[in-house]
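All chains should be built: construct the whole structure from the sequences, respecting the hints.
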Amino acid sequence: MLIGNLLLYQDRYSVRVNEEPDTLFYFFDYDVRTEDKNMQFQHFHSFYELCIMMCPNTKHLLEGKPYDLEAFDIIGIPPTVLHRSQYPPGDPCKRLIIQFNLPRNVTGLSNEYEQLLSIFHQEIPIFRFDRDLQKKLFSKLNDIFLLALKTDPMRDLIIHLKFTEFLTLLFLNREHNQYTNKSEMTPMEKKIYSVTSYIHTHYSEELSLDALAQNFYISSCYLSHQFKDVTGFTLTDYIQMTRVRNIQSLLINTRIPITEAALSCGFASFSQFNRVFQKHIGMSPSQYRKRNQVPGAELVP
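Reading the sequence shown from the start, the letters are residues 1414 to 1714 in this note's numbering.
The reader is advised that the hints may include incorrect statements.
[As the list claims (entries may be wrong)] Listed next, the in silico EDC-like pairs over lysine to aspartate or glutamate satisfying Cα-Cα at most 16 Å (straight line):
(1) 1575 / 1556
(2) 1595 / 1481
(3) 1603 / 1642
(4) 1641 / 1673
(5) 1472 / 1597
(6) 1703 / 1435
(7) 1478 / 1435
[Claimed, not checked] What follows is a set of in silico ranges between Cβ atoms, one per label pair, in the way DEER data are often shown:
(8) 1670 / 1565: 41 to 49 Å
(9) 1699 / 1577: 50 to 58 Å
(10) 1417 / 1593: 16 to 24 Å
(11) 1577 / 1611: 34 to 42 Å
(12) 1618 / 1666: 19 to 27 Å
(13) 1504 / 1571: 43 to 51 Å
Since the hints were derived computationally from the structure, they do not count as laboratory data.
Every residue gets a Cβ at the ideal spot worked out from N, C-alpha and C, and that includes glycine.
If you want it as structure tokens, here you go:
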């Protein structure tokens, strides 16, 4: 089925190449979501993710901040960024989620891969293009959709090549991005996002509800209540997840001792850190490092 004369789609169709911890990994997930399946909390991954909604009037939260979406906008989500989709009431929303890892240390191509992935790290990694460019981009994904239906000994390699073409086209046309965020925030939402921004830049320091409330001239009770309403997290969970997110980066990209990583990111005790990390990641810090550390990781960040 061709949706909007742009993107091929089939309910509960998926394409997988390798597994999440692998250096090269792809998972294309074609499915529908409804308002009653909206996630209660934001979450994050250790891999990159692209989200393409095929219906209007959806929202996506990145680090707690809402962004309005039109059909076929492309949301790029880098590893360890908190995010959550919000689907509108009414008919189910068709969507395509692409989760992937790319080899980062290919001799002679490392710089090119870094450039491709840089589009995920810009201030607002959401892309909206005119119809002609949409067709060119989505034709690469449609090729992958059709290829996966066949038995081809070169299947996985061609999927990788086609997806690299897609990312390259996205990168080369990034200046033609027409996306603007029209989501309006109330004064309280702006206040809460100021708090989240403060947490992201001061996560290594001691943070408490009372101290943050005093710093932002708001009662601690009101801050606690409003923070949960706006972000979907309790303040404690948000602080912990922000710290864990930064520790993940250290475990992946450096050889800094785990205890030192925990202390540098604001955890007061190693036992607390182990408990929180296991809660949010589902494995121990040492297991996570063993599965995800990049080759040639530096001794220090």
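Evaluated hints:
1. Straight-line distance between C-alpha atoms of residue 1575 and residue 1556 comes to about 7 Å, which keeps the hinted pair within the 16 Å bound.
2. With a C-alpha separation of about 6 Å, the suggested pairing of residue 1595 with residue 1481 holds against the 16 Å cut-off.
3. A hinted pair counts as satisfied when its Cα atoms are at most 16 Å apart, and residue 1603 with residue 1642 qualifies at roughly 13 Å.
4. For the hint pairing residue 1641 with residue 1673, the CA-to-CA distance comes to about 30 Å; that exceeds 16 Å, so the pair is violated.
5. Restraint check for residue 1472 and residue 1597: the C-alpha separation of about 12 Å stays at or below 16 Å, so the hint holds.
6. Pair hint residue 1703 plus residue 1435 holds up; C-alpha atoms about 12 Å apart against a cutoff of 16 Å.
7. This hinted pair does not check out: residue 1478 and residue 1435 have alpha carbons roughly 31 Å apart, beyond 16 Å.
8. Taking 41 to 49 Å as the suggested C-beta distance range, the pair residue 1670 and residue 1565 conforms, at roughly 46 Å.
9. Range check, residue 1699 to residue 1577: Cβ separation about 33 Å, and the 50 to 58 Å hint is violated.
10. Against the hinted window of 16 to 24 Å, the Cβ-Cβ separation of residue 1417 and residue 1593 comes to about 21 Å, which satisfies the hint.
11. Remark: the range hint 34 to 42 Å for residue 1577 to residue 1611 is upheld by a beta-carbon distance near 38 Å.
12. Remark: the range hint 19 to 27 Å for residue 1618 to residue 1666 is upheld by a beta-carbon distance near 22 Å.
13. Distance hint check for residue 1504 and residue 1571: the Cβ-Cβ separation is about 34 Å, which falls outside the suggested range of 43 to 51 Å.
Taken one by one, the earlier hints fail for this structure at numbers 4, 7, 9, 13, listed in ascending order.
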